[in-house]
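Novice: Next come the chains, spelled out residue by residue.
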Amino acid sequence: MSNGLINWFKYASPQSFYPLAGKLIPWFWALAALFGVAGLSIGFLLAPTDAQQGEGYRIIFLHVPASWLSMFIYLVMAFWAGLGLAFNIRLSGMMASALAPTGALFAFLSLWTGALWGKPMWGAWWVWDARLTSELILLFLYIGFIALQAAIDDPRRADKAGAILALVGVVNIPIIYFSVKWWNTLHQGASVSLTKAPSMAAMMLWGMLLCALACWMYSIAVALMRVRTIMLERERHTDWVRALLTNQE
Amino acid sequence: MLRALRAVIGRDLRLAMRRQADIVAAMFFFIIVVSLFPLGVGPEPDQLRRLAPGVLWVAALLATMLSLPRLFADDHRDGTLEQLALAPQPLGLIVLGKVIAHWLVAGLPLVVLAPVLGIQFDLPSDALAVLTLSLLIGTPALSGIGAIGAALTLGVRGGGVLLSLLVLPLYIPVLIFGAGAVDASVSGLGPQAHLSLLGALALGGVFFAPWPTAAALRVALE
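Residue numbers (our numbering), protein chains in the order written: chain A, 1 to 249; chain B, 1 to 222.
Treat the hints loosely; a few may be bogus.
Examples of chain B residues lying across from chain A (beta carbon under 7 angstroms, computed) [as the list claims (entries may be wrong)]:
hint, residue
1, 48
2, 51
3, 148
4, 162
5, 215
6, 216
Have a look at the derived ranges for each label pair, beta carbon to beta carbon [what the hints assert, rightly or not]:
hint, chain 1, residue 1, chain 2, residue 2, range
7, B, 203, A, 126, 29 to 39 angstroms
8, B, 211, A, 126, 20 to 30 angstroms
9, A, 101, B, 218, 22 to 32 angstroms
10, B, 207, A, 101, 30 to 40 angstroms
11, A, 153, B, 125, 48 to 58 angstroms
Straight-line Cα separation of at most 20 angstroms, SDA-like style, residue types lysine to any residue; simulated pairs [as the list claims (entries may be wrong)]:
hint, chain 1, residue 1, chain 2, residue 2
12, A, 181, A, 71
13, A, 10, A, 25
14, A, 181, B, 196
15, A, 23, A, 228
16, A, 181, B, 193
17, A, 10, A, 58
18, A, 23, A, 38
19, A, 23, A, 33
20, A, 181, B, 199
21, A, 181, B, 175
22, A, 181, B, 189
23, A, 23, A, 12
24, A, 119, A, 58
25, A, 181, B, 172
26, A, 10, A, 88
27, A, 23, A, 241
28, A, 181, B, 115
29, A, 119, A, 59
30, A, 119, A, 33
31, A, 181, B, 17
32, A, 119, A, 109
33, A, 181, B, 200
34, A, 23, A, 181
35, A, 181, A, 140
36, A, 181, A, 68
37, A, 181, B, 190
38, A, 181, B, 54
39, A, 23, A, 147
40, A, 119, A, 247
For the record, the hints were derived by calculation from the structure and aren't laboratory data.
Where a beta carbon is used, it is the ideal one built from N, C-alpha and C, also for glycine.
Go ahead and model the full structure; you've got the sequences and the hints to work with.
Specialist: Listed below in structure tokens is the structure:
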């Protein structure tokens, strides 16, 4: 492994990943703040008022990034879970459990902001639209994952069981998505459609992309903070955690 | 291989026959849940006819859920499961046998009961036939997917509630296409598309579910 490349496997051990994560967290917070300020100022100050939706549309600067992140985090979570299952890496399971609450938070945020947007635009807090329904099911999958991990005391078993569930969920997400979509179109003509006008003002798009980056960086920062806590908790019997804690005092 | 499969199915069926009360209880749960709906929403035949496919399918999901914990729990408790995991036959195959036995014990009775309950909801006879057919095709998928949840929650605190939390979201496609088939046939669209998709789900579920189930069982047995 001494061929000049960074030895990535080194960071698979909690002992060496803990300080690295500690160093990275402030950077991700800074990036999240930077992108957030930039995205929100574009979103609220520079982006034009929408011709049809008025000012109400501005919730998409949180809503769309939250929806993207909720789906993306599930994939990342399943990736870590699968990696942990295949190579038996402790850290992977910890990453998966660290990501789950953030993913669930974003799924919830996406539904919540969607409801806030839907009331003035559609006149309803909730419609059984295909996207809304599948986002709701995604939230259920997150809750199931968290609940399963919480119910198992042995962390190794919790990791593996959660990993199997996450992978089964990933296989099912497309099936669920298409079934809900067909269900929606077959049942009745959709009274409302989420598809917006194809052309979107460039400013709106930039604001949204920057906000998505901000949410992304926030997710990484929070997941790293959470994984650090999980590491300390699970490795509390090891020497390096003892040494770390006694040095801090 | 096939002999092992047959042996597992035969063994599970024999065990189930020794404890018929369990099967009957799940069937009556199905009947009671379905009968509650007219009491809740009112006896107008038009409304009931529209609700029937959904109600019967949701009740079938719940009744299947009820019998899932027993799929592995008894074998886990008396150590049989460990012996099965040590057997030379792949654990996935043994799980497949248990899934088939579970369907014969828990799924098939629902299929048989459904037309009778459909009459209570004033379903026309062709819709009754489609309902029965959709349950016949769809319930194997319920047993297959449910096995994953049952294996994951094996020996876990609050397993029953947790099981429903894990499995019900995964049942949604089966519910959609199952109830959708009846709806489509009532509205004159023809149920073929729904039934084909349901068949695909059932085949996929029964074929693939034993492998994650076996993995989950090995995790539980560690």
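Novice: Now tell me, hint by hint, if it's right for this structure.
Specialist: Verification of the hints:
1. Taken as an interface hint, residue 48 (chain B) does not check out: its beta carbon lies about 18 angstroms from the nearest beta carbon of chain A, beyond 7 angstroms.
2. A least Cβ separation of about 14 angstroms between residue 51 (chain B) and chain A goes past the 7 angstroms threshold, and the interface hint is therefore violated.
3. Contact between residue 148 (chain B) and chain A, as hinted, is supported at the beta carbon level, the nearest pair being about 6 angstroms apart and thus within 7 angstroms.
4. With its C-beta approaching chain A no nearer than about 5 angstroms, residue 162 (chain B) sits inside the 7 angstroms limit, and its interface hint holds.
5. Hint on residue 215 (chain B) holds. Least Cβ distance to chain A is approximately 6 angstroms, under the 7 angstroms limit.
6. Hint status for residue 216 (chain B): holds, given a least beta-carbon distance of 5 angstroms to chain A, under 7 angstroms.
7. A beta carbon spacing of about 34 angstroms between residue 203 (chain B) and residue 126 (chain A) agrees with the range 29 to 39 angstroms that was offered as a hint.
8. Range check, residue 211 (chain B) to residue 126 (chain A): about 37 angstroms between beta-carbon atoms, so the 20 to 30 angstroms window is missed.
9. For residue 101 (chain A) paired with residue 218 (chain B), a C-beta distance near 27 angstroms keeps the hint of 22 to 32 angstroms intact.
10. For the hinted restraint 30 to 40 angstroms between residue 207 (chain B) and residue 101 (chain A), the CB-CB distance of approximately 34 angstroms keeps it satisfied.
11. A hinted range of 48 to 58 angstroms holds for the C-beta pair residue 153 (chain A) and residue 125 (chain B), which are about 54 angstroms apart.
12. With a C-alpha separation of about 16 angstroms, the suggested pairing of residue 181 (chain A) with residue 71 (chain A) holds against the 20 angstroms cut-off.
13. Distance restraint check for residue 10 (chain A) and residue 25 (chain A): the Cα-Cα separation of roughly 19 angstroms lies within the 20 angstroms cut-off, and the hinted pair is therefore satisfied.
14. A threshold of 20 angstroms between alpha carbons decides the hint, and for residue 181 (chain A) with residue 196 (chain B) the separation of about 17 angstroms falls inside it, so the pair holds.
15. As the CA atoms of residue 23 (chain A) and residue 228 (chain A) are separated by approximately 11 angstroms, the hinted pair is consistent with the 20 angstroms bound.
16. At roughly 15 angstroms between alpha-carbon atoms, residue 181 (chain A) and residue 193 (chain B) fall within 20 angstroms of each other, so this suggested pair holds.
17. Distance restraint check for residue 10 (chain A) and residue 58 (chain A): the Cα-Cα separation of roughly 44 angstroms exceeds the 20 angstroms cut-off, and the hinted pair is therefore not satisfied.
18. Using a Cα cut-off of 20 angstroms, the hinted pair residue 23 (chain A) and residue 38 (chain A) is violated, with the two alpha carbons roughly 24 angstroms apart.
19. Of the pairs offered as hints, the one joining residue 23 (chain A) and residue 33 (chain A) holds, with about 17 angstroms between alpha carbons and a cut-off of 20 angstroms not exceeded.
20. Distance hint between residue 181 (chain A) and residue 199 (chain B) is fulfilled; the C-alpha atoms sit about 18 angstroms from each other, no more than 20 angstroms.
21. The hinted pair formed by residue 181 (chain A) and residue 175 (chain B) meets the criterion: a straight-line CA distance of about 14 angstroms does not exceed 20 angstroms.
22. Taking the CA atoms of residue 181 (chain A) and residue 189 (chain B), the gap is near 18 angstroms; set against the 20 angstroms cutoff, the hint holds.
23. Taking the CA atoms of residue 23 (chain A) and residue 12 (chain A), the gap is near 16 angstroms; set against the 20 angstroms cutoff, the hint holds.
24. For the proposed pair residue 119 (chain A) and residue 58 (chain A), the alpha carbon gap of about 14 angstroms is at most 20 angstroms, so the pair holds.
25. Distance restraint check for residue 181 (chain A) and residue 172 (chain B): the Cα-Cα separation of roughly 12 angstroms lies within the 20 angstroms cut-off, and the hinted pair is therefore satisfied.
26. The suggested pairing of residue 10 (chain A) with residue 88 (chain A) holds, with an alpha-carbon distance near 15 angstroms, which does not exceed 20 angstroms.
27. Proposed proximity of residue 23 (chain A) and residue 241 (chain A) is supported: the alpha carbons are some 17 angstroms apart, at most 20 angstroms.
28. A threshold of 20 angstroms between alpha carbons decides the hint, and for residue 181 (chain A) with residue 115 (chain B) the separation of about 29 angstroms lies outside it, so the pair is violated.
29. The suggested pairing of residue 119 (chain A) with residue 59 (chain A) holds, with an alpha-carbon distance near 12 angstroms, which does not exceed 20 angstroms.
30. Between the alpha carbons of residue 119 (chain A) and residue 33 (chain A) the distance comes to roughly 30 angstroms, so the proposed pair goes past 20 angstroms and is violated.
31. Between residue 181 (chain A) and residue 17 (chain B) the CA atoms are separated by roughly 42 angstroms; this puts the pair beyond 20 angstroms, and the hint is violated.
32. Between residue 119 (chain A) and residue 109 (chain A), the direct Cα distance comes to roughly 15 angstroms. Compliance with the 20 angstroms bound is thereby established for this hinted pair.
33. Note on residue 181 (chain A) and residue 200 (chain B): the hinted pairing holds, with a Cα-Cα distance of about 17 angstroms set against a maximum of 20 angstroms.
34. With a CA separation close to 44 angstroms, the supplied pair residue 23 (chain A) and residue 181 (chain A) exceeds the 20 angstroms bound.
35. The hinted pair formed by residue 181 (chain A) and residue 140 (chain A) meets the criterion: a straight-line CA distance of about 18 angstroms does not exceed 20 angstroms.
36. Note on residue 181 (chain A) and residue 68 (chain A): the hinted pairing holds, with a Cα-Cα distance of about 18 angstroms set against a maximum of 20 angstroms.
37. Proximity of residue 181 (chain A) to residue 190 (chain B) is assessed by CA-CA distance (about 19 angstroms); at most 20 angstroms being required, the pair is judged to hold.
38. Annotation: proposed proximity of residue 181 (chain A) to residue 54 (chain B) holds, straight-line Cα distance about 17 angstroms (limit 20 angstroms).
39. Using a Cα cut-off of 20 angstroms, the hinted pair residue 23 (chain A) and residue 147 (chain A) is violated, with the two alpha carbons roughly 31 angstroms apart.
40. This hinted pair does not check out: residue 119 (chain A) and residue 247 (chain A) have alpha carbons roughly 54 angstroms apart, beyond 20 angstroms.
The structure does not agree with the numbered hints 1, 2, 8, 17, 18, 28, 30, 31, 34, 39 and 40 stated previously, though it agrees with the rest.
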